[in-house]
Structure formats: C-alpha cells, structure tokens
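First to last, the sequence lines map onto chains A and B.
The first sequence lines up with residues 1496 to 2149 when you count with the numbering used here.
The second sequence lines up with residues 1496 to 2149 when you count with the numbering used here.
What the hints contain is simulated information worked out from the structure, not anything from laboratory work.
Treat the hints loosely; a few may be bogus.
Since the list can't tell identical chains apart, any single copy or any two copies may satisfy a pair.
In silico DSS-like cross-links for lysine-lysine, where the CA-CA straight-line distance does not exceed 25 Å [claimed, not checked]: (1) K1828 - K1600; (2) K1783 - K1805; (3) K2000 - K1593; (4) K1738 - K2134; (5) K1521 - K1680; (6) K1902 - K1589; (7) K1925 - K2134; (8) K1602 - K1828; (9) K1746 - K1545; (10) K2134 - K2047; (11) K1662 - K1902; (12) K1602 - K2140; (13) K1780 - K1885; (14) K1679 - K1827; (15) K1547 - K1662; (16) K2134 - K1650; (17) K1862 - K1885; (18) K1593 - K1828; (19) K1709 - K1600; (20) K1828 - K1589; (21) K1827 - K1602; (22) K1827 - K1593; (23) K1902 - K1665; (24) K1902 - K2096.
There are 2 protein chains.
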Amino acid sequence: MVIEHVQPEIDGGYFPIKRIIGEKVKVTADIFADGHDQIRAALLFRKQGKEKWQFSPMSFVGNDRWSGEFTVEEIGIYEYTIEGWVDHLMTWLKDIQKRFQAQEKIKVDILSGIPLLERLTQQITLKGEKYISQLISRLKEEEHPEKLMAILQDKLLIVIIEENPLKNHKTRYPKELKVIVDRKKALFSAWYELFPRSCSPEINQQGTFLDCEKILPDIANLGFDILYFPPIHPIGMTHRKGKNNAITTQKGDPGSPWAIGDETGGHMAIHPQLGSLNDLHRLIKKAKEYGIEIALDLAFQCSRDHPYIKTHPEWFRWRADGTIQYAENPPKKYEDIVPFDFETGHWQELWQELKKITLYWVEQGIKIFRVDNPHTKPFLFWEWLIGQVKEKYPEVIFLSESFTRPKVMYRLAKIGFTQSYNYFTWRNTKYELTEYLNELTNTGVREYFRPNFWPNTPDILSEYLQLGGQSAFFIRFILAATLSSNYGIYGPPYERFINQAVSGKEEYLNSEKYEIKQWENKDIKESTRDFISRINQIRRENPALQMTNNLKFYHVDNDNLLYFGKFSEDLSDIILIVINLDPHYIQSGWVQVPLSEMGIKPDQPFLAQDLLGGDQYIWQGEYNYVELNPNILPAHILKIKKKLKKETDFDYFI
Amino acid sequence: MVIEHVQPEIDGGYFPIKRIIGEKVKVTADIFADGHDQIRAALLFRKQGKEKWQFSPMSFVGNDRWSGEFTVEEIGIYEYTIEGWVDHLMTWLKDIQKRFQAQEKIKVDILSGIPLLERLTQQITLKGEKYISQLISRLKEEEHPEKLMAILQDKLLIVIIEENPLKNHKTRYPKELKVIVDRKKALFSAWYELFPRSCSPEINQQGTFLDCEKILPDIANLGFDILYFPPIHPIGMTHRKGKNNAITTQKGDPGSPWAIGDETGGHMAIHPQLGSLNDLHRLIKKAKEYGIEIALDLAFQCSRDHPYIKTHPEWFRWRADGTIQYAENPPKKYEDIVPFDFETGHWQELWQELKKITLYWVEQGIKIFRVDNPHTKPFLFWEWLIGQVKEKYPEVIFLSESFTRPKVMYRLAKIGFTQSYNYFTWRNTKYELTEYLNELTNTGVREYFRPNFWPNTPDILSEYLQLGGQSAFFIRFILAATLSSNYGIYGPPYERFINQAVSGKEEYLNSEKYEIKQWENKDIKESTRDFISRINQIRRENPALQMTNNLKFYHVDNDNLLYFGKFSEDLSDIILIVINLDPHYIQSGWVQVPLSEMGIKPDQPFLAQDLLGGDQYIWQGEYNYVELNPNILPAHILKIKKKLKKETDFDYFI
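Okay, chain A solo, but in the shape it has when bound (with noise of 0.2 Å):
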C-alpha cells in the first residue's frame, strides 16, 4: 500500500495547519497499491494526549485520490494520519460479480472466497457470526448462480463487510500530522487600535485607562471586538525622541511607547500616568461587558533607562568603546532603543525572562497579544516561547506584526502566530489584489498564515491613502473587512480621514507615536461611523464572511472594479461583494454571476440584496450590471437570496 502526497501537510509534516474550533479538517491523499485489488482507506484523528484514535472513512475521489475529513471540537492540539488497508472480501465479492455477469461459472470462485468470509466470522458480534455462518453453509449448498448471486447481494452481508474491514497489507501513513485548534477569535476578528494616552477629553491632559473606560461604547457601536494598545510600560528619558521623530525633545514630549522601562520599571509596569493595575483590570472587565477584549504589544527590546540594561548588561551587545549598541538597520538609527542580543552566552536566562513577562501579561487577564518585530528575533525562540505559553493557556491570540520578506512572514505563522500583518496595506490594484489573495487563499499558505488586513498603522499611511481622498479610507475599508475575516485599523486618524504625511514617506506627519493627541469627537462624520458599525454588523451578522480562505474572484469587465464571492460550506450565506478600486470616478461593468456555483439555473431570477446601501436588485442570467459611485457608496454587498416569490406563493392561488 502507497499512502503519498497527504494534504494538507506543511513541509513534510515538520510544521502544524491551523483550524479554529467547529472547523472541518479535509484531507486527501494518494492511496493506491500494486495489482487490481480493492483498497480502503480510513482517517485518524485524535485530540493531542489521547491514545485511541477516532476513524473516518475515506473516499475515492478519482485518479487514486481519496478525501476524508473531520471536526475539530475542542481548542489546543489535534493529530491525523491515515490507515489503508487491502480489502480482499470486498474484491472477491467484485470479481464474482463480473465472471456473474460475464456468464462464467462462479461456485468455484465463492468456495475459494469462504475462508474470507469465516475470518470474518471472528471479529464480529456473536448475532453477526451466526448470520455469517449460516450464509456460508447456503453458499455451499447452493448451485445455481443466479441463487448464489442473490446470497451475496444481501444487504445485511454489505453492511457487515462495510463495517468489520478485514484489513490486509494495513497500512499506516508514517507521519502524525497536527492542527492547532484556536478560538473563533483567530480567525474572526475586527481590531481597533489607539494610543491609551491620547484619550483625555480634557484638553492638554495625559489620557489614562479610567478615559478609555469612556470610549468603550463608541468602539463597541462601531462593533470591534478588539481594542488593541501600543506599549503600556514607563518610556526611557535618555535620546528620547521628540515630535516627529526629532532627536532632541521639547519639554512635555512624552517619547515613543516603544521605548520600553525607566527607573520605575520595564516589561512589567504600566507608565504611571496610564493609571495602577488595578485600573487596567477594571478596564479589561469593562471591555468585557461590551465584547470587547483587550490587546496588548509585546516589544522586546528596552529604552536605554530599562532596569535590565543595569541588572543584566549581559543580555545587551556593548561596542569597542564601551557604549550600548542601540537599534538600528544602518544608516536608520532607532537612538532611543536597544535591542537585546539573542546570541549571548545567557540566553537561556534571557528567553525565561521573557517568557515571565509574557505569562504576566496572560495572568492579568490579556490574552491576545500583537508582537512587534517578531522577525528581528530567533524563529527558535518564537516557537518556543509559543509553544510554551499555549500549552498552558491555548486561547492566548498572537498577532506577528512582520512586514518583512515573504518567507520569513510565513515562516513565523509556521512557528506559531495565529494572525499575521501581510503587504495589503500596498496592494492596491485590480491585478495586486488579486494576485496577493490567491497566493493567501489559493496557496499552501491557506492551511498556516491567516492574514489580518490594516489600511493603516501607527507606521503606515500608505500613498492610496494619502491620494485617494476621503473615499479612498472607505475603499481600504471594505477590503479589509470583506477580503479578509481579520481586519483592523489604526482608529482615531481614520475615521477623521488624516492623510497628511511626511513629505515623500508613508510616515504620518506629527505623528502619535512621538506626542500625544486630543482626538476630538466632533471631527467624526455621524456617516463615517454609521459606515463602520454597518460593515461589522454585515460581518457579524454573515457566517460566509467570518473566514477567509473561501474567497473565490469572479469576472466583470472592468479593470477599476474588484468582484468577488463569499460563500458558506453549506451554501445557506451567499455574498457577492464588488468594490470600485478608483476612489475619483463612477465606474460601472457587467458582472458574472457563478450561477452553477450557486446552485441557481439561468431561467431562475433571484434577489440581491445590498446590505451596504439598501437597495434589492432583481436578477436573471449570468451577466447583470453594476454602477458604483466612490463619492456615495463604493461597493455592493449582495446576499443572494435564491427564492423569489410567485404566483403560487399568493394566498389566493389556490
């Protein structure tokens, strides 16, 4: 028995797929054997830890592939493999059947297919062998073939064969694959990001984690889930940065978040004028009343005042003049960090303590986590310090924040991230987008690297953004959170619509990470508000678009408009979504509707009903138009209903 090309299985089986709970796990393969005889062939499954192995049987799909699947219903660790088997009674039933109807003479076959059938009688139920053994002796009885043949045409002697297999030349595939089972938040997800110290609604006032208590409910009625904050710990004083990234500061500047620890601590404090512990506790349990879960960044490296840098200089790389080697990717220069030095002779000390701060944070209650520059440390470490936190707490979420070169950000998924940051902030095009979300969604990719798509970041305000007007934060908007089921934005400069950067860079000008702001409310659209809280509300409130890997594009004839279905496993949530790309002009096109795909005949009209504007479109037939016009509305999200009243659905047709 060949069992080869197992799929899905990530590098040799080396690395686990990911699945969240209630998902199904499909797997095929190619099962063949030498010779014409009959082959069967089961899925194993087992959640981590358990010896027994549940079985699933497997199918022939055609050219020697098989499919078999199951449900993942618990989160942690599941393992698969798979068993084949030669099926000897099941080809010696086929073959009387062909020399039968073939005409041959079959009693001398059936006689030398009975030891078979009396192995057989030893691996079932008393009733069953008794039932068996009599249906032996009327074979043997027997002459005549058609008499025979309707012995072995019982059903009840099928259903016994189907379901005691006698396994000869059992095969088993020589791998335990694993799937790491997360909770539906790892796959559906709409995050919020803000600076906790810019949320004062007095003027000129350090926010504080009692403020953003306040602002729970407009983020809760925009309807994120996740409320995600830059670094909460003391910020270093020594080549603090001022505004606009300046390398001398103002009075009052309060420095970068991501210059972790000063006297009063590092990795495990909170800056002092966010407020106690005590208050981010009561923060994360006010968060919880309205679904909303708080996220917080996990930056590994320390400002030149973190206490480590005294306490352990060992975990520090020290220059030939005796200086601390600060950040930098040369000529850039990050003069208020310093990295630690994963190479030291002390790592092993230096890995605990970071594993300490991160099961700090988790004990706190923080269970989603958004790391910063993952790829500018050992990918050993990262699977290690996963692995070891999710063994005890397999909830925790963890969000690589990685903008670096395709294979090292699908090598971290690999290693252990649930969620990925990707290159959508700069796919822009009809022809980008597509080509990026197929290799996302299309690809070996799929089963390990879920994509969490930000228009834009504290880092990041992309050319489109900065170009397009206020309809381009519109258009990034829906892609977000229609191409992909994790989505998040950097909040409070988006829904004002700023767009002003540093000349020539996607760098935002003034911008929050050097300073704090005061984001007034009144700078807020009442539509812009009602145009986020609808598109997470359609999210919520659509199964199909609660995952991403079921994207599928589809044809109409016009280069500025993205097309493109969603649909449910059971075909009970149908969206169609088009998006107008060109944030200046009307665009229109036919679009091809995946009738068939639908299950809907070219004769049958059906409803489109746009759950963005409104509006319900009857339809017939595989072209229909559409007209989008960026100033109002950029994008239809069409549920199609497939049944449309008629004249028989009338109370007075009968």
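Given chain A, work out where chain B should sit, using these hints.
Here is chain B on its own, set in the frame of chain A:
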C-alpha cells in the same frame, strides 16, 4: 538558519532523483535567518560511500532563494545536501560600508569587528595569518575614515574571507538527498523491437539468433542502438493460444512468447528453436560491433507447463477445486499464463529466484531489460530487485512496461525503473501532447520519470495509426523521436505501415504475438528507411535532441501544428521543430521564434536549416511562415544558425 523547500527533492527525500553521467544537478532552496545578518550557503555532494563532502558555493537568486550545482561524474549513487551559515565578518564589512556612505564615524565600529578578524587568522595559512595581522594593526592605528575604508576594501582580504568562511550558526539541511546516476543510454536511446522467431529469410521457417545476426546491418543503418526481443524462453503447450488469441491452437501454432516455460526449462532457458546460449553470446558480441545492445524481456509469469509449478507449487495460487489460478482481470482471461503469488508465505524464496534469473541474464551480457507489466507485482519487490541488481551492476537499465494509472506508473519510476512506457501512444492532438509533455517535463515528474515514447507495440496499434494512412506513421515517428530522447518502435510492422486492427480494438489483426511472420524486405520503401535513418542521424548529431526535459512549446497560430524547441544548455545547439499533426491536409501558420531566448536581436537575420528536408530559410524577426504537406514531409527540424555571412565577411571587403 532556515533551509527549506529544497529542489529537487522527491517525496521528502524518500526517493532519489535521476541523472546520467556528466549531467548537472542544479539545486535550489529557501535559505534565510531572522534579522539582517549576511548569510551564505554551500551545496555539499559526494559519491555514496565516500565520507568527505565536496563543497560548491550557492549564490543568491532573489526572494530568499539560493542556487548551486554540481556535476555527477560516475555512474552509481550520489548524495547531496546544503549547509548555510551566518557570516558575521561580511555583515560587519557591509555595515561599515553603509555607515561610511552615510558619513558616520566608523572607527569604533571597525574596532568592534577586529575580534572577528582575529578569529579568521586562526583558520588560515601562516602567510594569510601574517597578512591579516598586519591589516589589524593598520586598522588599529589609522584614524582617518577614508584611509580606514581603503584598508578594508583590500581585495586580498575579500578573497581570504570568501575562501575561509567564518561559519556562525552553521546549519546543515537534515536530509541527505540521493541521485541515481546512469549511463548515457538511460536518457538517449532508440529501441527497435522484433520477434527473433520471425527473422528467418526462408518461408515457413522459424527464425533463429543466427538469422538475427544477418539483419544487424539493417538495424544499424536505420540508426537504432537497442534491439529488444520479447521473451526468448520455451513456450508452454497447455492452453497455448492460437492465431488471433484463439483459445484452441492449430498444429504448428507457436504460442505467445509471454507464456514462459515448458518441461525443458523456464526463465533461464532459451527456446530450442531460437538457438543456443552460445548463439546468443555471439549475437550480443556481433551486435556490439554494430553499436547495438540486445535488450531482453523480464516477464515474471509462467506457462502452465513451467517447471516451477511442479517444483514450487507454493509460489502459485490454487482454487477451491484444486486447479491453478491462471491470469485474469475479469472478464479478461489469459488461460495460457499463470501469475506468481507474490503474497505467498514463501515470498522470500520466490524473490531470490527472480533475482537469480535477472542476474543470470546480466551475467550473459544483457544490460537492458524491458519489464513486463511491473504494476501487477509489489512495489517493494521491484525496489528490492532493482536495488540489488544495480548495486552490483549500476549500468543495468530497466524499462517499465506499465500503462496503468498515472500515480502507479510514477511510483514504479520512483522506486527504480530507469525508463518508462507512458501515455504518448494515445496523445495525438496539440492540446493533449502539450498538456502531457508539460506534465512530464515541467513538473516534479521530470526528476525521476524518464519517458520512452512508443508509437506502437505488439499490444497496441493506435487508432491514429489505423486511420491516418502512411503519413500518420511518419508523424508519430517524428513526434516520438524528437519530443523524447528515448523512443522505440515495434519495427517490422511499423516500417511496412501495417495498420489492420482487430475490429473495434487497438490490437493488431493476425498479431505476431501468436504466429511467426515472414517480414519481406521488399515491402519496405527505400524512402521510409531513409526517413528513419535520417531522423536517428539528426538525433545523434544534435545534443539538444539527446535530452527530454529541455523541451519548450512555442506559439504557432494553427492548432494542427505542434511547435517546440530544444536547446543545449550552452545554446550551441538550437533546434526548433514544427510538426503537422494532420495526416491528411497541408497546414500552415506563423511560428513565433523565441528570439531573446536564443540570443538573437529582432533586426538580425538568421538561418533556419531544415535538417530533415534539407532546405534552408533566411528568417528575421519574431514571426515566420511555415507550410507542411503531410504527404511530402510532415515536419521541419530546424537548426538555427545565428550568424549569417555579411559584407564584412567577404574576402575583398577590406
């Protein structure tokens, strides 16, 4: 360090790739590390059995992909793997360079790197050590940035660093991948199949090995280098098949050569009417003088009169009525043939006997075998048998005669078969040929499956040959001999355009499998022999046609024309081939010449010399016209000559 997605690697490295002696093995892999350090990598290779690896540097391609290559110089088995490491010295040098360009101070950073240079001195020659030590002193003394930079840009320093890599985080790819290296004939061969018993020049006379000697000059003139005989052993009498597969025989019916063995002997005996073992030795020797190798058939099955049935009844399957199980695939029956029972409890003795048979013929001088129906025997058996034989005789070639499902065919190639029959026989249209050849030459299959293209065999007279007249025979011949570097014909009926089949089947009418033929030389047209001989000569003279995986299809605006190119790696041999697939009508079209691949500029005229027809065309630019009459010559085999004589080449130009 991460080293992953190594190519070529078959099924996680479980199976070897295949090459012939003198071929290159090009290996690529994703190689990267976290962070921004400079990395380097080398390809390691060795002949199996040697302890020491040879190193070949790998170079960066892009997107974290690296590439390297080595040449296999001897037949047998080679191993290869990859080593990557972080190069701190190179990282340091590049870093200083960036700082210098950004006009930063560099002295302190230079001093930080001196320990690395000191480490370098410990692993180089005394002379090099002295040189580097002096350089270190100069770096310590010098203060002026430009002068410091000049010291570092010293060319000898770079050479020493390149040649004596300081390997940090040295990582070895955990698998040692294997290459089976065969002799050249494994990739480049022209087979001619005939039944030696039909070789007699006398009417109604069984041919002998001595008769075969007499036709060697003809086979050599045609240009074939392998002469393959169906089984040459005694043929059973019991249930012997008559003409056209009749269940009963007429007196004198010779039986199918695949029903091996009678009371005088089995697989190690020679059919008495063919001659003696001495005659065979003589034939092998004589053939060698003509540049021809004799190939035999390995058909591991017996007639009902084979001595094994008495001496080893335990090697066969017996039915409930005490009769032996003959070969069948219900409802098809091969009453004259009895298969071995590879599942017998005595399989070890059976396997040893079959190995003995194989080695017996190898020791008689037979180094090429066509293996009958290998897919009806266990994969493990073949893997073992071929491994055992090639361990002692790595020059032996096994051709798999398996027309079964694709996955099974590919598996047989993976487990060791040198060449393989395949579906070429049924691929006729441009779409079919393009799809299939792309599967064979542009996917992972190319690494282990060496196709051998047969337009016909004693078992298959394809419908295309039945229906297309003589042109069909020319077309299929050119396709086989140019698309694939290995090809063969079942010669006597092919040269004579025999196209009469059993009605509704692809079986020869009056098949030579069941009767002795007298093939008259007068039935062969001189033009046919010239054509075959010309094609084989073109193959011998053009290295581009001596491999298969260099195949590339190009565009021509006519679906009846198949148009492809084969280039030698150094572009010294560029062949473009256009074949009219329509055996009935003249077809014409504009072929798109891949100028840039060939290194020809659009304004540069070039010569396309038709090696087949003899005409020469001066072409220029991308599109050129062709017209092919199947009744004259259905193909162009164009050798491209880039340089056309110009006025400057004229004797009196100066």
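Evaluated hints:
In this assembly of identical chains, K1828 and K1600 lie within 25 Å of each other by CA distance solely across copies; the values are 14 Å between and 88 Å within a copy. Neither within a single protomer nor between protomers do K1783 and K1805 lie at most 25 Å apart by alpha-carbon distance, with minima of 38 Å and 84 Å respectively. Taking CA atoms no more than 25 Å apart as the test, K2000 paired with K1593 passes between copies only; the shortest distance there is 21 Å, against 75 Å inside one copy. Neither within a single protomer nor between protomers do K1738 and K2134 lie at most 25 Å apart by alpha-carbon distance, with minima of 47 Å and 69 Å respectively.
In this assembly of identical chains, the alpha carbons of K1521 and K1680 lie at most 25 Å apart only when taken from the same copy (21 Å versus 44 Å across copies). In this assembly of identical chains, K1902 and K1589 lie within 25 Å of each other by CA distance solely across copies; the values are 23 Å between and 50 Å within a copy. In the homo-oligomer, the alpha carbons of K1925 and K2134 lie at most 25 Å apart inside one protomer (22 Å), although the nearest pairing across protomers, at 43 Å, exceeds that limit. Taking the shortest alpha-carbon separations for K1602 and K1828, only the inter-copy value of 18 Å comes in at or below 25 Å, while the best intra-copy value is 88 Å.
With identical chains, the CA atoms of K1746 and K1545 are never at most 25 Å apart, being 61 Å at best within one copy and 71 Å at best between copies. For a Cα distance limit of 25 Å, the shortest separation of K2134 from K2047 inside one copy, 15 Å, qualifies, whereas the shortest one across copies, 46 Å, does not. In this homomeric assembly, K1662 and K1902 come within 25 Å of each other (Cα to Cα) only across copies, at 22 Å, whereas the closest approach inside a single copy is 43 Å. Taking CA atoms no more than 25 Å apart as the test, K1602 paired with K2140 passes in neither setting, with 61 Å inside one copy and 83 Å between copies.
Taking identical chains as interchangeable, the C-alpha atoms of K1780 and K1885 lie at most 25 Å apart only when both belong to the same chain, with a minimum of 22 Å there against 72 Å between chains. Taking CA atoms no more than 25 Å apart as the test, K1679 paired with K1827 passes in neither setting, with 39 Å inside one copy and 56 Å between copies. When the C-alpha separation of K1547 and K1662 is checked against a cutoff of 25 Å, the pair qualifies only within one copy, where the shortest distance is 18 Å, while the shortest distance between copies is 46 Å. For the homomeric pair K2134 and K1650, neither the shortest alpha-carbon distance inside one copy (45 Å) nor that between copies (68 Å) is at most 25 Å.
In this assembly of identical chains, K1862 and K1885 lie within 25 Å of each other by CA distance solely inside one copy; the values are 10 Å within and 59 Å between copies. In this assembly of identical chains, K1593 and K1828 lie within 25 Å of each other by CA distance solely across copies; the values are 12 Å between and 79 Å within a copy. In the homo-oligomer, the alpha carbons of K1709 and K1600 never lie at most 25 Å apart, since the shortest distance is 87 Å inside one protomer and 50 Å across protomers. Taking the shortest Cα distances, K1828 and K1589 sit within 25 Å of each other only across copies (16 Å), while inside one copy they are farther apart (75 Å).
Proximity of K1827 to K1602 under the C-alpha cut-off of 25 Å is restricted to the inter-copy arrangement: shortest distance 18 Å between copies versus 87 Å within a copy. Proximity of K1827 and K1593 under a CA criterion of 25 Å is satisfied inter-copy only: 10 Å between copies versus 77 Å inside one chain copy. With identical chains, the CA atoms of K1902 and K1665 are at most 25 Å apart between copies only, with a shortest distance of 19 Å across copies and 38 Å within one. For the identical chains of this complex, K1902 and K2096 are neighbours neither inside a copy (44 Å) nor across copies (37 Å), given an alpha-carbon limit of 25 Å.
When the structure is compared with the earlier hints, violations turn up for hints 2, 4, 9, 12, 14, 16, 19 and 24 and for no others.
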